Every structure is written in structure tokens, then in C-alpha cells.
Amino acid sequence: NAGVTQTPKFRVLKTGQSMTLLCAQDMNHEYMYWYRQDPGMGLRLIHYSVGEGTTAKGEVPDGYNVSRLKKQNFLLGLESAAPSQTSVYFCASRSHRGTEAFFGQGTRLTVV
Amino acid sequence: AQSVAQPEDQVNVAEGNPLTVKCTYSVSGNPYLFWYVQYPNRGLQFLLKYITGDNLVKGSYGFEAEFNKSQTSFHLKKPSALVSDSALYFCAVRWHNNNDMRFGAGTRLTVKP
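Those protein sequences? They're chains A and B, same order as listed.
First residue of the first sequence: 149, per this note's numbering; consecutive thereafter.
First residue of the second sequence: 799, per this note's numbering; consecutive thereafter.
Because the hints were derived from the structure by calculation, they are not lab data.
These numbers come from a predicted model, not from an experiment.
Cβ coordinates follow ideal geometry from the N, Cα and C atoms, glycine included.
Take these hints with a grain of salt, some might be off.
[Said to hold, decoys possible] Cross-link-like lysine to any residue pairs, in silico, SDA-like; alpha carbons within 25 Å at most: (1) B:Lys847 - A:Asn213; (2) B:Lys847 - A:Val259; (3) A:Lys205 - B:Phe844; (4) B:Lys820 - A:Lys205.
[Said to hold, decoys possible] If you want the ones that stay clear, here's a sample from chain A, every Cβ over 10 Å from chain B, calculated: (5) Arg159; (6) Ser166; (7) Ala204; (8) Glu207; (9) Ser215; (10) Gln233; (11) Val259.
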């Protein structure tokens, strides 16, 4: 009963490096989301997807790209990491009929 | 644009006392409203939601919340706080005609023995 799984859990990047965060869900959910959590700012929506092959921008999309090639996976990419992208990243998913979202355990990313 | 506000960064209560964590949202259509809880180094866990119907909704761990349309609020409540309720609480909103979900900044609840 995995639910939403994020890979990796921790990562340290140097400024300018690239990386991809993977989110996988095994609940056959239509909707998937990427958030970042920063102290005092709550969770801010980066990008989301309403189904396989679709993506949309959220509140803070700049510096990030996403892809949803398979229904169960939602990838978040950083092409050229910046210290401002140091954060905890959360993935979430929800079904088409359902309303509440299920969250992964988070990825703590530090950009030095 | 849709938004949600949690006016208190921190709420402190004594164990056994009632607790309230406040949430208000911007006015625009009909909202779905949620409360989530986050324990240290963990993801968010769903507590309860308001979709339609009865304004008082009950959720996990004895929590409840009241939807007040005139005040555009959805405050989280519990009659008797436990030390184990200490955590970070987030209010979230999604509108019926929108697919994204926005969160408040969070309120840290501390329950002291």
C-alpha cells in the first residue's frame, strides 16, 4: 500500500546543476501536483497535471519543468538549480471523483 | 485569484482545553475546503473536508470544522486538546471550476501538558 512515493528523499545540488524529482502513485489518480514548502509560506503550487500527457502552471512555475508521460508518474525537473530553489518539495495526487489529495513524504533539496 | 489565509502563525493551548485554528478564504464561487496536518519530517495528512451540505464537518482524531459562508471561514476545532495534537496545520481550498489547490501558510499548534 505505497500511495504516493517520492524519489529521492534528500539531495544536495550545486548551483547550475540539473536534476529530476520523481513522483509515483499507485492509486490510479488522474490529478497530480508538485508543491514546494518554505518556512512561513506554506505550500505553494509549482505545476500540476489533470491527466496523462497534460500539465499546467501553478503559482510559482519559473525555473521548473514537469512531465506526465505515464499516468502514475509526475516528474519535476530543475534545469539549472539556484539557491532560491532550496526547499522541501511535496507531490500529491487525487482521483477524478475524489476531492482530497494524498501526499508523498517530501524531498528535501538543498542548492549550494 | 483564489486564496486562503491562516491569520495565526502559532496557537498555544493547554492539554484538555478546546482549540481553534482559524482559516479564511477569498470570495469567488463555491469552494471545497480542507484541513491537513503535518508532523515533523512527514508529508501532509488529510483531516477533514467540506464539500456541501451540513456546515459542521467531523474528521479524524476528534477534529471538526465549521464552514461559515457569510464570514468565508472554515475554522478547525477540537473540544479537548491532546499533547499529541501538536503539529503544523494547513487549510486548503479548491474551487469547483478549478483544478489547482491552494494552501494557507500554516499554523503551528502547540499543546502543553
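Verify this label for me: Gln233 (chain A) is non-interface relative to chain B, using a Cβ-Cβ cutoff of 10 Å. At about 19 Å from chain B, Gln233 (chain A) clears the 10 Å cut-off, so the statement holds.
Reported absence of Ala204 (chain A) from the contact zone with chain B (all CB gaps over 10 Å): Label violated. Min Cβ-Cβ 7 Å, cutoff 10 Å.
Non-interface claim for Arg159 (chain A), where every Cβ of chain B lies beyond 10 Å: holds, 15 Å
Is the nearest CB of chain B more than 10 Å from the CB of Ser215 (chain A)? Its Cβ never comes within 10 Å of chain B, the nearest being 18 Å, so this holds.
Straight-line alpha-carbon gap Lys847 (chain B) to Asn213 (chain A), limit 25 Å: violated, 30 Å
25 Å limit on alpha-carbon distance, applied to hinted pair Lys847 (chain B) and Val259 (chain A): violated, 36 Å
Given the hinted pair Lys820 (chain B) and Lys205 (chain A), is their alpha-carbon gap at most 25 Å? Status violated; Cα separation ~28 Å.
Can we confirm that no CB of chain B comes within 10 Å of the CB of Glu207 (chain A)? violated, 7 Å
Measuring Cβ to Cβ, find out whether Val259 (chain A) lies farther than 10 Å from everything in chain B. Holds, since 20 Å exceeds 10 Å.
Lys205 (chain A) paired with Phe844 (chain B) [C-alpha distance capped at 25 Å]: holds, 24 Å
Beyond 10 Å from every Cβ of chain B: is that where the Cβ of Ser166 (chain A) lies? holds, 25 Å
Of the numbered hints listed earlier, those contradicted by the structure are 1, 2, 4, 7, 8.
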